Amino acid sequence: DATLSIGIGQVLFPQAISAELAIPTVLYAIIASFIVFIIVAVRKKIDKKAGIAFIIIYLFSYLLLFILI
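Here this note's numbering runs 64 ahead of the position in the sequence shown, where the first position is 1.
Accuracy of the hints is not assured; some may be wrong.
Pair by pair, the computed Cβ-Cβ distance ranges are [unchecked claim]: (1) Val90 <-> Ile119: 31 to 39 Å; (2) Lys113 <-> Glu84: 32 to 40 Å; (3) Ala83 <-> Val104: 25 to 33 Å; (4) Ile87 <-> Ile121: 17 to 25 Å.
FYI, nobody ran anything at the bench for these hints, they're computed from the structure. These numbers come from a predicted model, not from an experiment. Built from N, CA and C at the ideal position, the CB exists for glycine as well.
Using the sequences plus the hints, can you model the full thing?
Printed below as a string of structure tokens:
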């Protein structure tokens, strides 16, 4: 499980995480998850159009992390 490995990693190799990076990342994850949930709930299918939208949301996360912050 990815959650378990992240927790164990912090126990074995502790690292400080700044709020400057964590807060926008968490907010983006919540917003992106909500958008994906809404798209799937409204369309009731995952087709090529939805897949492209999800990939754009994914790529925008890199833009947020490396360019905007």
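So, going through the hints one by one against the coordinates:
1. Taking 31 to 39 Å as the suggested C-beta distance range, the pair Val90 and Ile119 does not conform, at roughly 21 Å.
2. Remark: the range hint 32 to 40 Å for Lys113 to Glu84 is upheld by a beta-carbon distance near 35 Å.
3. At about 31 Å, the beta-carbon gap between Ala83 and Val104 stays in the expected band of 25 to 33 Å.
4. Checked against the hint of 17 to 25 Å, the pair Ile87 and Ile121 passes, with Cβ atoms roughly 19 Å apart.
The structure is inconsistent with hint 1 alone, although it conforms to all the rest.
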